[in-house]
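Chemist: For reference, the chains in residue letters:
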Amino acid sequence: MDHGTTAALNQQATPPDENYRPSDRERERQRFRRSRKRRNTWIAALCTVLCLVALGAGAVASPGWERVHSLFLDSAEFRSSLPGILRGFWLNIQMFLIAEVLILGLGLLIALVRVTRSPGLQPLRLAATVYVDVFRGVPTLLLVFLVGFGLPALRLQGTPTQPWVLGVIALVLSYAAYVAEVLRAGLNSVHPAQRNAARALGLNERQTLRHVVLPQAVRNVLPPLLNDFIALQKDTALVAVLGPLEALRAAQIKADYDFNYTPYLGAALLFIAVTIPLTRFADRLQRRAAQRTWAETGR
Amino acid sequence: MTEPLLRIRGVRKEYGSRLVLRSIDLDVAEHQVVCLIGGSGSGKSTLLRCVDLLETVDDGTIHLGTGELTDPRLDANLARRRIGIVFQAYNLFPHLSVLDNITLAPRRVHGVSRKQAEQSARELLDRFGLADKAQEHPDRLSGGQQQRAAIARALATEPELLLFDEITSALDPELVGEVLDVVTDLKQRGLTILMATHEMGFARHVADQVCFLEDGVIVEQGTAEQVLTDPRQPATRRFLSRVLDHA
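Residue numbers (this note's numbering), protein chains in the order written: chain S, 1 to 299; chain X, 300 to 546.
Please note: incorrect hints may appear among the correct ones.
What the hints assert, rightly or not - Distance ranges between label pairs, derived from CB positions: (1) X:Glu435 to S:Gln157: 55 to 65 Å; (2) S:Gln291 to X:Ala469: 52 to 62 Å; (3) X:Glu435 to S:Leu52: 25 to 35 Å; (4) S:Gly243 to X:Glu435: 52 to 62 Å; (5) S:Thr279 to X:Ala469: 35 to 45 Å; (6) S:Ala290 to X:Arg488: 42 to 52 Å; (7) S:Ile272 to X:Ser339: 50 to 60 Å; (8) X:Asp507 to S:Thr129: 49 to 59 Å.
Stated by the list, open to error - From the derived model, a few chain X residues whose C-beta atoms are all more than 12 Å from chain S: (9) Arg306; (10) Ser316; (11) Glu329; (12) Gly340; (13) Asp357; (14) Gly364; (15) Asn390; (16) Leu395; (17) Asp507; (18) Thr522; (19) Pro533.
Don't read these hints as lab results, they were simulated from the structure.
Note that CB positions come from ideal geometry on N, CA and C, so glycine has one too.
The following block holds chain S by itself, in its conformation from the complex (with noise of 0.2 Å):
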């Protein structure tokens, strides 16, 4: 056996080589990936221009298209309902960062509370784990509902009586709960080992958890921490049903007195407006992460 072998220990990376140039052989496969590549980006391109072709025909060519298009597709009813339904859209947007922010606040706690071992948090983990059966099962728009009318029925001294704010309380309500199952979900994806390392180098739990375990945790889970979120930015559009003036509210509105739908396409295009981008950073983050997972377990 060598354990001489001090050289290992400060490797160069190899200098590229420069005299090296593709064989032949090389060359032509080069060629052939390029050439299938160039035939698949055709196909796809034709595939799909096809079927929107199919897709417009087959609506247009439908008995009910002409009321269809005055109703849902009215160019000029568009633009004079979408000022009215942006400014709705910002108290969404409003909502939604405000709402966002508690739900990590509450979640992390709940998730936590579920997590820790102490004896003492005995009657909170209790409480921790009926709050997310009761909020997880309830519809979330029973809850808007429920909180919107039922909490300033009670009367009670310092309550908000805002609908926009009641809102906000129902959504944080129910998706907090999803979020606390989704962290305790990472909290416990974080592999024994990593703690073991942790309490042997003496870190006490609450320690190992703040400087070890949660970081981690939050990492593995940040993609399904998103869909959440984007999940949430839609579901603000139910707090109209308490009659805040957002998007939806004010697309009603605008339909209502115009007798044409076109203003909720408009608060749809909206929506997607937002949700697309996030959709795309989420699945960025998943692929991001899956990588780096493959890195980890590839050696």
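Please arrange chain X on chain S, whose structure you already have, making use of the hints.
Modeler: Quick look at chain X alone, frame taken from chain S:
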């Protein structure tokens, strides 16, 4: 002879119905390197994990210095601060840089300032040939580099006792040497080390004492020379011929 640093008496450990450690007696004196050898499942790793309080023993006692580690009233966190352990699978923290891996315990547990912790960490990295890897994350390092970083992490808190749990078993053969060099260096500096290993040649080279474990007991114990070249017990002989034939 002075009191041994680590004193293990009658330690027993079961997992469910499986008896892993039957009754272990072992002394490790200060500045000694003691190697545990034996087949897989013989209890080497379990013994180390018991010493580091990652497992609770089912009987017997373990003393470090004058304190009893196996006292359930003992604050395990305080006891672990005196012991450093290095695992087979490195178990570096993947979300932290190599430097932060090493300074985490000194800063958070021992209250060392960031500046001072980083200075000591860089000295350790320098000694282990990792000076240029301080800011890298563990997944950018080779197995041998990761294991050397893990040893640096265990040393950063200046433990009285080091536990090495088959630290070269996950490494490619050409990377084993660089890790063992580090261990030789630690021995020369007078650290007290208890290690489980499969590297018989290395055990002979570095160990003051070699213990052969089988079925949860220490079957044979003695100097490296005696146990490895002139084993008295048939079980030891069988094991060594099996291992050395394939080496």
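Chemist: Give a verdict on every hint.
Modeler: Evaluation of the provided hints:
no., hint, in the structure
1, X:Glu435 to S:Gln157: 55 to 65 Å, "holds, 57 Å"
2, S:Gln291 to X:Ala469: 52 to 62 Å, "violated, 22 Å"
3, X:Glu435 to S:Leu52: 25 to 35 Å, "violated, 49 Å"
4, S:Gly243 to X:Glu435: 52 to 62 Å, "holds, 56 Å"
5, S:Thr279 to X:Ala469: 35 to 45 Å, "holds, 39 Å"
6, S:Ala290 to X:Arg488: 42 to 52 Å, "holds, 43 Å"
7, S:Ile272 to X:Ser339: 50 to 60 Å, "holds, 58 Å"
8, X:Asp507 to S:Thr129: 49 to 59 Å, "holds, 54 Å"
9, Arg306, "holds, 20 Å"
10, Ser316, "holds, 22 Å"
11, Glu329, "holds, 21 Å"
12, Gly340, "holds, 19 Å"
13, Asp357, "holds, 19 Å"
14, Gly364, "holds, 16 Å"
15, Asn390, "violated, 4 Å"
16, Leu395, "violated, 8 Å"
17, Asp507, "holds, 17 Å"
18, Thr522, "holds, 19 Å"
19, Pro533, "holds, 26 Å"
This entry does not satisfy hints 2, 3, 15 and 16, going by the numbered hints stated previously.
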